[in-house]
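2 protein chains.
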Amino acid sequence: MTAEENNYRHILLATDFGNHAESIGTRATAMAKQHGARLSLIHVVDYVPTDLPGDLIELPQLKIEDHLVESARERLEEFASLINADYTNLWIEIGSTRHEILRIAEEEDVDLIVLGSHGRSGLALLLGSTANGVLHGAPCDVLAVRVTESSTQDP
Amino acid sequence: MTAEENNYRHILLATDFGNHAESIGTRATAMAKQHGARLSLIHVVDYVPTDLPGDLIELPQLKIEDHLVESARERLEEFASLINADYTNLWIEIGSTRHEILRIAEEEDVDLIVLGSHGRSGLALLLGSTANGVLHGAPCDVLAVRVTESSTQDP
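Line by line, the protein sequences give chains A and B. So for the first sequence, our numbering puts the first residue at 1; every next one is plus one. So for the second sequence, our numbering puts the first residue at 1; every next one is plus one.
No lab work stands behind these hints: they were computed from the structure. One should not assume that every hint holds.
[Stated by the list, open to error] With the Cβ distance kept under 10 angstroms, some of the chain B side facing chain A (calculated, not the full set):
id: 1; residue: Asn7
id: 2; residue: Lys33
id: 3; residue: Asp111
id: 4; residue: Leu112
[As the list claims (entries may be wrong)] Pulled from the structure, derived: some chain A residues nowhere near chain B, Cβ distances all over 12 angstroms:
id: 5; residue: His10
id: 6; residue: Arg38
id: 7; residue: Arg75
id: 8; residue: Glu107
id: 9; residue: Val142
id: 10; residue: Val147
[What the hints assert, rightly or not] Not everything, but these chain B residues come out facing chain A in the computed CB check (under 8 angstroms):
id: 11; residue: Asn6
id: 12; residue: Arg27
id: 13; residue: His35
id: 14; residue: Ala138
id: 15; residue: Asp141
Where is the CB? At the ideal position from N, CA and C, for every residue including glycine.
Let the hints inform the model, and build the full structure from the sequences given.
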């Protein structure tokens, strides 16, 4: 098998816009270039209905979700621009971060997920709730980009 | 930053010679070519003094270790040849798999560790004994190459 045959074809960058999102994103962009792969981005809105910003408290449920998705989409577009991502798709999903990342990876024939080694959308989320440390359900390879312990706080 | 500046420079492939070692190794070899990186291989002999092969039971401790290291080295050389690895170093270490992989990664300025997503020398070993799923102590990025659940048995 040549190196070219072993190239990744579709890389999915999972981001939570955390402190080290840019360096993780830069790695994903570089990997996509090196492999001639498509690059897509996903951000999962961790939306809990009881946890509303004050100015949204009067809105009906669906409007709140629309608002959160729309503002996350703008943020993801800005982020894609920041890391010079020549992306195929941007996904904003609402729900379980782990479930949504794995669902998109499966549905979109992703062969490499890139994420941080720590943090809310980091490697831990793919490990499930048990302690045996296997990548439960990951349908593909996973690149955990090292970020330091001190970067696990949300921005 | 260009893609070239973001290349990995020294990739460390950790192998336990498990069922899917070849496909994990092929990925590491391809990554090294794509990045113009040096590639080194490590196998940790999981040696417990009380668990001796019958024909070694009469040998003094140091001779047993020499024997295990030497036979593992031959196996690792054969494996490197199988995956067409143009390697810089082969390391055979005795002790804790996790500790030895991280030690070599640190000492040798490794910037990417490649291992399987399951199994004895897989991703789980980097997660430590706690359940929070962070890469305790990993000094660099980690690529977990997907292997299926059924491949976690040793050969």
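Hint check:
1. Asn7: Holds: closest Cβ of chain A sits about 7 angstroms from B/Asn7, inside 10 angstroms.
2. Lys33: Holds, about 4 angstroms.
3. Asp111: Constraint on B/Asp111 satisfied, holds at 9 angstroms.
4. Leu112: Result: holds, 8 angstroms to nearest chain A Cβ.
5. His10: holds (14 angstroms)
6. Arg38: For A/Arg38, whose nearest Cβ neighbour in chain B is about 15 angstroms away, the distance exceeds 12 angstroms, so it holds.
7. Arg75: holds (22 angstroms)
8. Glu107: Given a closest Cβ separation of 17 angstroms, the condition holds.
9. Val142: violated (5 angstroms)
10. Val147: violated (10 angstroms)
11. Asn6: holds (4 angstroms)
12. Arg27: Since chain A brings a Cβ to about 7 angstroms from B/Arg27, closer than 8 angstroms, the hint holds.
13. His35: Cβ of B/His35 sits 7 angstroms from chain A, so the hint holds.
14. Ala138: holds (6 angstroms)
15. Asp141: Interface hint status for B/Asp141: holds (5 angstroms vs cutoff 8 angstroms).
Violated hints, in rising order: 9, 10; the structure is consistent with all others.
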